[in-house]
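So you can see what is in the structure, the chains are spelled out below.
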Amino acid sequence: MAVVRMPAGPTGSTGRRAPKWVLAGPAIFWYIAFFVMPILFILLYSLGTKNALSTSGVPVDVGSLSLQNYRDAFSDTFFKTFRATIRIAITATVLCTVIGLPVAYFLAFKVQEKWRAILLALIIVPSFTSFLIRTLAWRIPLAPNGTLSGWLQDWGVIDGPIQILETQTAVQLALVYNYLGFMILPLFVALDRIEPGLREASKDLGAGRVATFLRVTFPLAGPGIAAGVLLTFIPMCGDFVTAVVLGGADGNMVGAMIDSQFKGAQNWPLGSAMAVMMIGAVLVVLGVGAAMVFVIRKALGIRRRVVLPEVVR
Amino acid sequence: MTKRPEPISILAPESFREKLSRRSLFQIGGAAGGLALLAACGSDDEDSGSSDTAGGSSDTTADGSSATPAAGSVLAEYSNVINQAEGTIAMYTWGDYNDPEIVGPLAESTLGVSMKVDFYASNEDLIVKLEASQGTSGFDIVVPTGAYIPQMIAKGLLEKLDLSKIPNIVNVDPAYRNRDWDPDEGYSVCKNWGSTGWMWNKAVTGVDSIATWQEFIDVAMNQASGQTAVIDTAPNLAGMYFWANGIDWTTEEAADLDACEAFLVDEFAQHIKAFDSYPSTKIAEGAYTLAMAWNGDARQALVRIADAGGDPEEWAWGLGAPATEIWMDLYCIAAGAPNPDAAHAWINWLLTPEVSIQDLNYHGYNSGLNNMDALLAELVPDLVDGDMIFFSDEQVATMQTGAVNSAQERLVEILNKVKAKAAG
Chain W
1 MAVVRMPAGP
11 TGSTGRRAPK
21 WVLAGPAIFW
31 YIAFFVMPIL
41 FILLYSLGTK
51 NALSTSGVPV
61 DVGSLSLQNY
71 RDAFSDTFFK
81 TFRATIRIAI
91 TATVLCTVIG
101 LPVAYFLAFK
111 VQEKWRAILL
121 ALIIVPSFTS
131 FLIRTLAWRI
141 PLAPNGTLSG
151 WLQDWGVIDG
161 PIQILETQTA
171 VQLALVYNYL
181 GFMILPLFVA
191 LDRIEPGLRE
201 ASKDLGAGRV
211 ATFLRVTFPL
221 AGPGIAAGVL
231 LTFIPMCGDF
241 VTAVVLGGAD
251 GNMVGAMIDS
261 QFKGAQNWPL
271 GSAMAVMMIG
281 AVLVVLGVGA
291 AMVFVIRKAL
301 GIRRRVVLPE
311 VVR
Chain A
314 MTKRPEPISI
324 LAPESFREKL
334 SRRSLFQIGG
344 AAGGLALLAA
354 CGSDDEDSGS
364 SDTAGGSSDT
374 TADGSSATPA
384 AGSVLAEYSN
394 VINQAEGTIA
404 MYTWGDYNDP
414 EIVGPLAEST
424 LGVSMKVDFY
434 ASNEDLIVKL
444 EASQGTSGFD
454 IVVPTGAYIP
464 QMIAKGLLEK
474 LDLSKIPNIV
484 NVDPAYRNRD
494 WDPDEGYSVC
504 KNWGSTGWMW
514 NKAVTGVDSI
524 ATWQEFIDVA
534 MNQASGQTAV
544 IDTAPNLAGM
554 YFWANGIDWT
564 TEEAADLDAC
574 EAFLVDEFAQ
584 HIKAFDSYPS
594 TKIAEGAYTL
604 AMAWNGDARQ
614 ALVRIADAGG
624 DPEEWAWGLG
634 APATEIWMDL
644 YCIAAGAPNP
654 DAAHAWINWL
664 LTPEVSIQDL
674 NYHGYNSGLN
684 NMDALLAELV
694 PDLVDGDMIF
704 FSDEQVATMQ
714 TGAVNSAQER
724 LVEILNKVKA
734 KAAG
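Residue numbers (my numbering), protein chains in the order written: chain W, 1 to 313; chain A, 314 to 737.
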């Protein structure tokens, strides 16, 4: 039997090739250096105490670690803002889904090929403007002394000037407006990828339009909805610009609070503790959401399962 | 079943059909795009920051040219030295604090410098920014409030001034020089000083007069509840409570601070609509009916209301009483400034009477020059709302200077708690 020698691989010697994760090396390094390390620093700072006299540029003293900052962050006044932020973000995400789903459905199934690109562009092009400008622009239609307010009062729709600015409503509006594109696109992609044959088959087998949507289209779009929810909910939780520009005192959100701790109060440890709590809160909400979806699917699965009869030989 | 791609129809002569191909279109497009990019970048004078001008500062010619005023003019009594400079100056200052002409075309034509201006809304923001960048912030001129200067000097955030490059400093009223935060004037030059009060819409609130801080609080909690803006700095919000209750606003007594926190967080926070240091920007659009404001900002608000087609007569301004603050903002040069020579020349130019008065007329704060009355009579005889810029001696006697002391941290905590409580 002859010994067969393997041909030389990329490393130039026989046998071993470089491990496959080498290709991901730069990305791994980048994430560790610029994502994992800063998060670890934040965790470390959150356990430290404020040191206003530090000359190193970082006013944190990590000599003695304690959980005091977390106790402070859990105090009533701050926790209310956390709850408000999560509530606003969940509401805005649900609204985005409710508004985005019909649009994506329309684009994926009802629009001719040639118009699809143009309509998609119409949805994306507003994102070319700066986020800040889009948010600031809301101050114009919502201005209490503005033209829109004047018209609405003249037509008797409202009694006094528009009082939406500087409230949570304004923040909610602007969040839905700014992040709607991030919901429509993943939904559209998911719906577009559904084989047309599946929906036709459903129709052939006797399901009406609603039944087809609920039992075929919607479940198949599941991954798209999940992607859209992630892409909207997580940035909304940390959103700072909208709260500052439109929120006033009432629409305060966690992002603005963390900023004022880091900048105004120079209390990096407390700000870090809040940031860690926010990450935790987002994970908890997503976990609860995923668990709910899992339970619902299991329940529906049991109800709708098809039990094949035993084959008797 | 695939469709054949439809042919493109364009309006072009037949002869083009041979020459026009995808590749040639891309080439033309790419060339046109590249040309446009070059044109856009080429004409951009004020490119990124002052880092480019590191070489320029060594060429400044202090030719000390003077603008000779007319004989008999009061201007002749002032020093009018103007030094030329080069390059770009980056200034980090309060919002709407300089006449745009002075930091724009006038600076270019008179001094030869172009300016880049960034804004902050509180001294804490400024200090944090300078501290975090450790000398690399890229800013030449910063404008802190006097009470914060000792802290900044201790942290090494400011550069010593070379007063030989600021000969016009003799124009400044001695009362505003050598104050306790910078006794030998090593680091700062007076920009202007001002005070705090309130402005309110008489028609909407139905209130004709607000004479004291206690009345301000009452209106904020009743007629203007939910429509009130307060200044977004810790000392001002706490100061409102202290002045209304006859307490020195620099108190470090724990009992005073506790009472202040209890009142602001439990009773006052829910009536606040916004924490806004520049209510003038939003008053014109109808956002507030009552606002705590600095005097110059309130004056600008009246101008903006008129511009927006509203009626400035509906609004009234009141100086804080029975006590209020006197704050002074000063020009300083940040540590690690890229273009200190030009910065000195610009500060020096701002101290010439004509420029100083032009700036004063814009931002509405007293710029502290000698013999202000005579200057105004000559340069701006028709000054609008002068009572919002200049205060009588009795009024000045009620103004307290601020101090950054051990209570500062507690005050900032209180502010953040009020913000958290005011939300929903």
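Treat the hints with caution; some may be incorrect.
Stated by the list, open to error - Computed far set for chain W versus chain A, every beta-carbon distance over 12 angstroms:
#1 F34
#2 I162
#3 G289
#4 R313
To be verified - Here are some, though not all, of the chain A residues that point toward chain W, as calculated from beta-carbon distances under 7 angstroms:
#5 A434
#6 D438
#7 E472
#8 D475
#9 K586
#10 A710
#11 M712
#12 A716
#13 K734
#14 A736
FYI, nobody ran anything at the bench for these hints, they're computed from the structure.
Glycine is no exception: its CB is placed at the ideal position from the N, C-alpha and C atoms.
Hint check results:
{"no.": "1", "hint": "F34", "in the structure": "17 angstroms, holds"}
{"no.": "2", "hint": "I162", "in the structure": "9 angstroms, violated"}
{"no.": "3", "hint": "G289", "in the structure": "23 angstroms, holds"}
{"no.": "4", "hint": "R313", "in the structure": "46 angstroms, holds"}
{"no.": "5", "hint": "A434", "in the structure": "10 angstroms, violated"}
{"no.": "6", "hint": "D438", "in the structure": "5 angstroms, holds"}
{"no.": "7", "hint": "E472", "in the structure": "17 angstroms, violated"}
{"no.": "8", "hint": "D475", "in the structure": "25 angstroms, violated"}
{"no.": "9", "hint": "K586", "in the structure": "5 angstroms, holds"}
{"no.": "10", "hint": "A710", "in the structure": "32 angstroms, violated"}
{"no.": "11", "hint": "M712", "in the structure": "25 angstroms, violated"}
{"no.": "12", "hint": "A716", "in the structure": "16 angstroms, violated"}
{"no.": "13", "hint": "K734", "in the structure": "5 angstroms, holds"}
{"no.": "14", "hint": "A736", "in the structure": "3 angstroms, holds"}
Violated hints, in rising order: 2, 5, 7, 8, 10, 11 and 12; the structure is consistent with all others.
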